[in-house]
Every structure is written in structure tokens, then in C-alpha cells.
Amino acid sequence: MRCAIAFLAAAAAAGAAEQPGFEQRVRSVIEAHAHPRRGEPGYGTIAARLWLREDAAWCSERLEQLLAAGPSGDMFWMFPVTAIAHLDRGQLTPGARKALREAWRTYFPYRGDTENHWLLYYTMLYLMTELYPNDGPETWYTGKPSAENREEARRWIESWIRLTTRRGQGEYDSPHYASMFLIPMAYLSAWSSDPGLKRRASMMIEYLMADYAAENLDGTFVGAQSRVYDRQLLEKSANVANDFGWAWFGLGRPSSDPPSGYLLYYLLAHSEPPPEILRLIATDRSRPYTHYERKRTRNRWRFHDELHGPVYKTTYVRREYAVSSDQGGVLQPIQQHSWDVTWSVPEGRGVQNTFFTLNPHSSLRELQTYFVFSPDFGLTDVVRSKRFYDSPDKFSGGSPYEKIVQDQDTVIALYGVPEEARFPHINGFFSKDLAEIREDASGWIFMRGGDALIACRPFQPYVWKPIAGGGKRLFSPYRNNGVVVQAAAASEFRDLAAFAEAVKALPLEIGLEPLPWADFRSLRGSRIEFRYGQVPKVNGVALDYGKWPLFGGPFLESAVDSQVLTMRHGGLRRVLDFRK
Amino acid sequence: MRLFLLLALGVWPLEAQSVLHACAAMTQDYVVGAKLKPSGLFRRTGPGAWRHTGFNHPFLFGAAADPFDPSTLYLAGGNGLIRAAAHGEKWTILTGSDITELRDLWMDPGARNTIYIAHTAGIRVTRNGGKTWRELSAGLRRKYTEAVRGDARNPSVILAGGEEGIFRSEDRGGSWRLAGAAGFQIMRIEQSPHEPCFWLAATQQGGLFASRDCGASFENVGSVGAGSNLYDIAFDPVRPDRVALAGCGPGVLVSGDGGKSWEARNAGLPGAEVTSVVFDPERPGRMFAAVHEKAVYRSEDAGAAWTRDGLDGSHVNRLWFVREGRR
Chain A
9 MRCAIAFLAA AAAAGAAEQP GFEQRVRSVI EAHAHPRRGE PGYGTIAARL
59 WLREDAAWCS ERLEQLLAAG PSGDMFWMFP VTAIAHLDRG QLTPGARKAL
109 REAWRTYFPY RGDTENHWLL YYTMLYLMTE LYPNDGPETW YTGKPSAENR
159 EEARRWIESW IRLTTRRGQG EYDSPHYASM FLIPMAYLSA WSSDPGLKRR
209 ASMMIEYLMA DYAAENLDGT FVGAQSRVYD RQLLEKSANV ANDFGWAWFG
259 LGRPSSDPPS GYLLYYLLAH SEPPPEILRL IATDRSRPYT HYERKRTRNR
309 WRFHDELHGP VYKTTYVRRE YAVSSDQGGV LQPIQQHSWD VTWSVPEGRG
359 VQNTFFTLNP HSSLRELQTY FVFSPDFGLT DVVRSKRFYD SPDKFSGGSP
409 YEKIVQDQDT VIALYGVPEE ARFPHINGFF SKDLAEIRED ASGWIFMRGG
459 DALIACRPFQ PYVWKPIAGG GKRLFSPYRN NGVVVQAAAA SEFRDLAAFA
509 EAVKALPLEI GLEPLPWADF RSLRGSRIEF RYGQVPKVNG VALDYGKWPL
559 FGGPFLESAV DSQVLTMRHG GLRRVLDFRK
Chain B
93 MRLFLLLALG VWPLEAQSVL HACAAMTQDY VVGAKLKPSG LFRRTGPGAW
143 RHTGFNHPFL FGAAADPFDP STLYLAGGNG LIRAAAHGEK WTILTGSDIT
193 ELRDLWMDPG ARNTIYIAHT AGIRVTRNGG KTWRELSAGL RRKYTEAVRG
243 DARNPSVILA GGEEGIFRSE DRGGSWRLAG AAGFQIMRIE QSPHEPCFWL
293 AATQQGGLFA SRDCGASFEN VGSVGAGSNL YDIAFDPVRP DRVALAGCGP
343 GVLVSGDGGK SWEARNAGLP GAEVTSVVFD PERPGRMFAA VHEKAVYRSE
393 DAGAAWTRDG LDGSHVNRLW FVREGRR
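Sequence lines, in order, name chains A and B.
So the working numbering is basically just the index in the first sequence, starting at one, shifted up by 8.
So the working numbering is basically just the index in the second sequence, starting at one, shifted up by 92.
Certain hints may be false.
20 angstroms max Cα-Cα, derived EDC-like pairs, lysine to aspartate or glutamate [claimed, not checked]:
1) Lys129/B with Asp389/A
2) Lys182/B with Asp161/B
3) Lys182/B with Glu110/A
4) Lys223/B with Glu159/A
5) Lys235/B with Glu314/A
Cβ-Cβ distance ranges computed for the label pairs, FRET-style [what the hints assert, rightly or not]:
6) Gly98/A with Gly140/B: 47 to 55 angstroms
7) Ala126/B with Thr101/A: 26 to 34 angstroms
8) Phe483/A with Gln297/B: 30 to 38 angstroms
9) Pro145/A with Arg219/B: 20 to 28 angstroms
10) Thr399/B with Arg357/A: 55 to 63 angstroms
11) Glu311/B with His312/A: 26 to 34 angstroms
12) Gln73/A with Asp404/B: 25 to 33 angstroms
13) Pro141/A with Ala230/B: 35 to 43 angstroms
The set of hints was computed from the structure by calculation and includes no laboratory data.
Yeah, the Cβ is synthetic: ideal placement off N, Cα and C, and Gly gets one too.
Here chain B stands alone, though its shape is the one from the complex:
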């Protein structure tokens, strides 16, 4: 009966498919205490159509689907880490009063219920789905952490991006050493799904940093994004050599040669203040990009041209696909 209802509503696909989600906010006129337009988690239901899912919340920064149960999403939010079960509908706050303003999260694909979170005063991990937490930032001089990722092949290796650069731990956060981008605020860190030793890190003002030694060290990638702020990195899940960046100033940058050269792909976008970018894993060449307080835009040709695709007026912190349905 329940399944029938879900099918009738068109909410839950019978066949596996990847569904685009957004952590977005309509906060143009919002200050704490003001009326908030629908903000938080959005699910794309069709061309230009999005459905607000779960509670209204002004600040969701990071997100991931549970690798063992993709109907359960995890959201790094202002109020803490949120488990959003039932495809984002049913929320539970998993953290308490000792941390706030979460920035990012990473779920270990090899260990059920293991979640790393980056927050304003450090990095934490839970190995039991949020029942208990362990702080991992004791070895960091400055605690503020904007990005956290683990090595998908080797979960002992954790990379964290803070206000002083990229830090690497080889003992699951027990100790840290600087791995690159010293002195720069890190905005995002991503590992290539095709080439696990290839990592990219986006920074505030410092441009793009790359690692080709499995995250052991990061080097600046020429002048890509330097002097502006890069917010997002997207590896094309279909074409191993294709990578995209989102930034304010550069807009959307796409590389077709694994990050060696970059080309601006902003034709059709209303501005170059791009905060998130993502490739569609099921439609080669299709991309989505979020332009600050304008809308989400869709491209069918890897950014050569763009058309508006909903969430008008929003600020999007994260665009991400969730693989749903039969596995």
C-alpha cells in the first residue's frame, strides 16, 4: 500500500536512477529570526522543477547519501549533523550543543555508520551513526575546518581543509601534517573517482591545488582561480579526464585533460558567481551549475551552453546526485 502511494506520487523511482539534490537557501532578506522562504534540502523532480524536502533550514553546507542506504541522507547544517531519512523527509539532529555550523561531511563507503564532519571548531568522527563522537582536531593549531574527505581506497587517510591549508592524517585523524596550500583557506577537497591518487583542492584566493601522489602533497595548479574564490570541484563520473570547478569570478571552469588545462564555460549563465557544479552520472555531458541568487542552470554539452533549471533566487551551497531505486 505504502509503495503504491509512493509510486502514485512519483516520489520514489522503481528503477535505479540518480536524482539531483541541492542544499540551497532563499536568504536574500533573511536574518536570524526573520521569516524564511523555503530553504534547505531540495530534490529535482523534473526539468526546472524542484521539491523542498524536510524542514525549512537556512544553512545546509554539506551533504551525502548513506552508501549503505541511499534513502538516508546526511546534512551538515547550522543546527548540527542531520540524518534525513526517508529520502530527506524525516530529520534527526545527531550532534549536540558542543558543535555548530557544520561545514562538510564524508561518509566512509567501507564502514557502515562512519561519518566524518568538519565544523567551526574542528573535525569529528562517529562510528555508530551519531550515537557517540570523537574529536579529531587536537593536533591542529587552528581548528576551523571547511572540508573533509577520506581516501576511498584507504580509509586510514583523511584530508581536511582548514584556514591554514590542507592537512593529512594517515591514522584516521589521530595526527595531522600539512600537505599543501599553506596559509590558504580551503573551500573544498575532492578525490577523483577514476584515479584515486588524483586529488583537487579549491581555495579562497589561492586558486586550485592538485595532488597526484594520493594526497600526500598538493601543488598549485598554475593560475587557475588565483585571486578569486573557488567553491566547488566536480569530477565527471563518466569521462575520467573531465573535471569542473565553480568559483566567483571564474564561473564554471572545465578541464578535458585531467586538470592540465582549463576553459571557462559561462555562455548562457547570468553571471560568474558560481557556487556549485556537478556532472550528471547518467547523462554524459550534462552538468548543473548554481549561480548565486540567480538559479540553477543545466548544460547538455559540458558547459558549452546553459539553460535555467529552477531554484530561482537561491544560493546553493551544494549540488549532488543521489543514486536511488533498485541497486
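The shape of chain A in the complex, shown without the other chains:
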């Protein structure tokens, strides 16, 4: 109870100007999970108490109870019990330790079908076989001896590090699943006995942290994302990434009280503060900047000649807001988020601080590209857990009929939706938390969210539809369509009206036939020419996707295939070289 109060105090302070220190934040998370206020204590409580070296007898008893009930959860079971096994350090009874070991013989976890599943699965298998390095095949669910399991796992982990540092993550920048990559790296850095893997895992923690640091706003992981859940897509601060931003850098508030178990498991293995340069990158929003990233698609089993396709991201960040995008298309199944404007909300809970449009898209082809779903049941299976996937009202997911270009804080999204598409319309998300929305006779819609001013010019007529829970949806039932979006800081204009006048004065031409196009001179002075299906031009020069960096911007630099990431801030420089 004493510890839970300690967390409450820390969380309450988090909203104020003065954040508790890093060590205090770490301690408060572990204490809160060690002494939960609600619910039955689970693996997380056992792991936290073992870390604190508290109640060893209770930990053993509870562990045996949980294991006796039968493991479930696949890799999401593997990572909690692996932490327990490594945090044991002589505290568990022989019976509890034996029960835990036995579970790795009797329970057969599914390896999963995403990158985070595999990294969790193989890291945990690797670390468990390190604890029992000489055990025979009859003692593991795989039917393979320790050495074979370990080597298989090590090879996959190393291949993932290599691929990520050369071509980018496949399950990139997910404000939920980013934690599933951090946990294995934290475990390996703490518990692997292989010095090389331990070192590379430590570097990967910084690598992933840097990826987040450059694209966060008040702790919120902004931008185009591979996977995001429906609620957290709109209410940005409800993401697990916010827990990490708060713990690492003292940004914003955690997504929940106490913060998620994902943060707990990470901290149990890795409780060192981030390097100072990363703290500066994460918190310095004194000057606007544009940050570029190249990522990759998930494994495309069908309909493509290459297993992975490139993802080209652009993210513009300033104190008041961020604008981010990919190039459009279905780059990830189901939960992709392609572009948005996110405004700063230091106290973000419950606030839907974002604006974007999309063509709602669902298709068997999308599912069969990335999964092995059967043709008749794939859609139903997905909708059971992702109920908005096949909804015309949805706000998440990529579309093959959306093409995007971004220059600084200007986005042009074009839509060329064929007649046979399941949902031949455009949705726009207009948050309940927009302070003002004005529809101008010119066709522009002007709005203010926090200290961000946003202008949106739909190409076609639209109607408003209410959103359950607040806000409204722009619905435009025209297949050839588009939007031009321009953001600016409130500090740049006297008021929304002045911003509106400035935007209306910008040269803009749009067309719809045979496919949509736009020619726009942005508020920042760039001329952006974009025709659906063609490479966009900025200031007369076609974008050269071939030269897109793995990371590029004032803070992070990495060339494709280099395996080297250079971080810079002021006079500070830090290099992560994965070739060594």
C-alpha cells in the first residue's frame, strides 16, 4: 500500500511542471505493480516483487498457482515467465522453479504472425535455454535440445536486428507495439550471457528510443504508424508509448494508473536512464524540424514480387503540433495509420487531439497479402477482434486508393477510388476537442486544436455525420477526391480568421479528371504538384524515393543498408554502429 501511494504521488506530480526524477519514476512503477490496488495479482506482481526481493514465499506459491491453472497467451505468456525465471536469483522455491521449467515442456506457444510476436517468442526461448543450456529435447515443447533452440532463436534475433538497421522495422512506430520490441531488447541486454548479443540489444534499445524520441510530442508517438488501435488512434495519450515517454523523459503522463505492465517488464530488466542526447532529442521542440524515415512493410506473402516494400515517412514537428505521413497505400494490414495532424496536449487524457482523412478500406486481398486467411472466413475472423475493420465509418487502416505527399506542415492526400471498392467514400475525423471549426465559402475548412491552426480543403462536396462519443465525421461520397491540408502555429497569426485569410491567398489549383490532382503553394513557400499515381514534385523537382534515408533530419541520420545510426544534438553526437 505504501508503494502504491508512492506511485500515486508520482503520477499526480507528473501533470505538474516538476516531474519526479527518473529513478523515482522507475521505482513507482515497480512498486505499484508489486502491490496492485485492484484485481488478482498475476505474473507482473510476482516479477516486481522478485525484483524488489520481497515476499519470496508468496511469489513461489502464487507462481505455482498460476502455472497449475494452465498457461495461455503464447508469447505474451513467455515474456512474463522469462522475467520471473531471470529475476528468481535464488528466491523461488525448488518446487516453483521446477513448475516454471516444466511449463516450457508442456505448453506449446504459437509463434504468431507478426514481427513483435516473433521477437518476443524467440527472445524468450533464447533466454530460457540460456538458463538451462544442456537440457535435452524431451524437456522443451519444441522437441529440440537447448542448444538447437538457442541457436535457432539467436539467428532469428540477429537477423531481425540486421534487417531493422538496414531497411527499417516492419511493424514500425506503433504506439502500442513499440513496447513489444523494447521488452525483448531490455531482457537481452540484461540477461543474455552472449556479450555480442547483449551489446547489440543495448544499442537496439537506444535505436528504438531514438526512433520514438524524434517523433514524439509531449510523450505521444506521432505520425504515420503501422499499427494503432481505434481508441488510441484518436486519443493519442492513451497509448503505451506514452508510458515509456513519461518514464524515460518525464514527458506528459502515463496512459493509465499505474502505467502498463509492458513498461513494468521493460523496467525490470532495464532501469538505466536514457543517454542525455536522447533526452534532448525527445524534449527539444525549440525549433520546427522535418524528420524522414524509411521503414518497410510487413511480410507480403502474396500479390507482390518482393517480400517487403518500402515505407517513406515524413514527420514535421514543432512545439505546438506535428504533421506526419507515409506515401499512402496498404503498407500494413488492418491497423495502419497513414497521416495526421496531432496537436500538443500536455494533459492529454480523454482528449482526441488529431485530425486526418482516409478512404475506409477493407478487402480480402489486403488480408491475403499479409496473412494466410482463407477466402471465406478471413474478414469475419478479423472483425471479431478488430470490429471496425469492415466498417464504412472507420478511421483506421490504409487504402490502396490513397496517395499522399507532405512538405513540412502541408499534406496533400488524393483519392482515386474505383467503383467496385467496398467503401467508395472519404471519411474525415473532426475531433470533439477542436476549439473552432469554420467552413468557408471558398471551400476551405479552418479549425483550431490546442495551439495548432489547421486548414483543410476537400476537393468534393461533403456532409457531416455525428461520431458516437463526440466530434463529427466528414463524409464525402465521391470516388475521385482529395484534401489539401495546411497547419500553422497559433503564435504565427493573430487569430483563426487571420490564418484563414493567409491560406485563402495561397495559390491552389485542383482537378478531378481523369484522376485527382493538386498544385499548391504552401504557407512555407513550397510549390507542391501532385497527380494521383504519379511521383509528386516539390518546387519543380520530383521526389527521389531512392534517396530516402533510413533516418534523416536534424537529430538522426542513417543511410539505408548502413547499419549505423548517428544521433546529434547541439554539440553532442552519439553513434550506434551495428556492423561491429
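Position chain B against the provided structure of chain A, taking the given hints into account.
Here is chain B on its own, set in the frame of chain A:
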């Protein structure tokens, strides 16, 4: 002593008999990481009675018994190729991290320990029971492979069904050429046990394709199953002219004239979303069919009428008989 125990449990038949197995999943509410109801390999122990065998696993797609030791089963699963020894009880994963989500397998009846597998990124073969593997899909533009079968008479001939049609190799997978169903996702390929030059292939949306030239070429069989998805093909091991298909929409289709004409046999089934069908090799006219998330159904009259036979609520990827006991 061990044999006595097995007999006492009624697990292992003394006399030879064919036992129905199912690769089935209770995955209605399952997503990765969720609690999984008993899923994986099931063995039919009596009318309407099934026993879950081996580990719980959500995705088993293909299966075969070792032709040289039918007590050892092989399962094409999400985690890889699984050798399920001791009648499915004792599992060993035979593949590694370089392949996943296996779709199908074929065991060469003439070569011990030779197994072909179809997976999301190609086709592989082992000739030593899974110790080493060789990738065979280098010559295929698109690698995703849903079905693989070899010619029982001539093991140099391998047929593979991918996202672009049926491909044939005459050099054990060294090279491939398109044999038919161009542009269609293949769901299943089977060779007639009676007439080795007669092959059938089921497709997604394209209907049924047949070959009567030993798999050299496949032609569309009229409108059978066209516009829907066919999931399974079963040749009656007793009556050479009888063949069945399973599909979503058509349900169970049965032909009594070697595939020339087809008749829907769905009376008594709760729906027409049928994912697998099989003939009982020992009871002429007896069939089993799996209806998606309903149950397995049994017919004693080649599909004229059906009664429920267990695995309620399951999705079955494969029904198959294993010949067990004294040979």
C-alpha cells in the same frame, strides 16, 4: 506392460483399422495471445466422440501419416512442420525460423523420410526426416504455395498450387512450368488413387480443374464451384468413380462418374460452408464433412443424409484417415 496399458485405454487397436483424424481449431474468439480452447489434432474415438491429441495449437493446415510408420504423423502448422509421433502425442518441430505458416505437405510413399512442404514463401523438401531442407521454389515468380502433391507412381513429378495457378515439376522441384488454372489461387490438389493420371485441383473463385494427362495440364471443369471457394477434394478409396468436393457455397458436391457430373449433397447439413470432406476407406458410402464452426457431420449414404458427429463449433482444415494397427 505398455501394450497392455494401451489396450486398456482403448487407444491403440490390435487389428488394422482406419481412424479418422482432424486438424481443427476452436478459434472463434481467438487472437494471438488469447486463451485457446482445445485446438490442433483430434482423433475420432467413436460416433460423435473425439480426443484432442498432442499440444494445443491454433493452426494446423495439412497432415499425413508416415507411409512407413503410420503411428507417426506429420502436421503442417503455424509453428512449422511437426512430427507427431506416438499417434500424434509426441511433437517435435522439424523446421526453424526461416519458414512459417505451413500450408500443406506430401510424403513420398516410395522414399522413406522424404517430405515436401508448402509454405508462405515457397516449397521445401527433406530427404532425411527433417534434418536438412532444400528450397524448391527458386523457379517460381510468386512463392506462396497452398498445396503440394507428388505423383505416387513417379516421384520425380511434383505439383504445386500457388497464387498464380498449378505448377508442375518433372525433376523433383528443380524447375517448374505452369500446368493450368492460371491466375487462380489453388486451394488443394489431389491425385486419384485409382487412376493415377487423373488429378483434380480446387481453387479460390475459379472452380474445379481436372487433369487426365497425368498432371501435365489442367482444364476447368465446367462451372463446378466457380465463383465460390473450394477447399477440399476427396476420392472414394472404394469406388473409383466417386469423388467429393467441399466448398463454401456449394457445400458438399459428389460425383459418381469420375467428375463428369456433380450433385450437391447437403441435406441435413446446417450450412453450405464446408471446409473438408473425406470418405471412410472401410465403410463404403460413409463420408465425413466439416461445416465451418458448426461440427463434423457423418453420412452413411454418400452424402444423401447427414448427422452430426462431434467437434462442435470447430473450424476444420483437414479430415483424414490413418490406417493403424497390424498391417
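Hint check results:
Pair hint Lys129/B plus Asp389/A holds up; C-alpha atoms about 16 angstroms apart against a cutoff of 20 angstroms. Restraint check for Lys182/B and Asp161/B: satisfied, since their Cα atoms lie roughly 14 angstroms apart, inside the 20 angstroms limit. This hinted pair checks out: Lys182/B and Glu110/A have alpha carbons roughly 16 angstroms apart, not beyond 20 angstroms. Restraint check: the Cα-Cα separation between Lys223/B and Glu159/A comes to about 15 angstroms, which is no more than 20 angstroms; the hinted pair holds.
In summary, the hint linking Lys235/B to Glu314/A is supported, as the alpha carbons are separated by about 10 angstroms, within the 20 angstroms threshold. The given range of 47 to 55 angstroms is respected by Gly98/A and Gly140/B, whose C-beta atoms sit roughly 52 angstroms from each other. Between Ala126/B and Thr101/A, the C-beta spacing of about 30 angstroms keeps the proposed range 26 to 34 angstroms intact. For Phe483/A paired with Gln297/B, a C-beta distance near 32 angstroms keeps the hint of 30 to 38 angstroms intact.
Remark: the range hint 20 to 28 angstroms for Pro145/A to Arg219/B is upheld by a beta-carbon distance near 21 angstroms. Restraint check, Thr399/B to Arg357/A: a C-beta distance of roughly 57 angstroms satisfies the suggested window 55 to 63 angstroms. Taking the beta carbon of each, Glu311/B and His312/A are about 29 angstroms apart, inside 26 to 34 angstroms as hinted. About 31 angstroms separates the C-beta atoms of Gln73/A and Asp404/B, a value consistent with the hinted range of 25 to 33 angstroms.
Taking the beta carbon of each, Pro141/A and Ala230/B are about 37 angstroms apart, inside 35 to 43 angstroms as hinted.
Hint compliance for this structure: no hint is broken.
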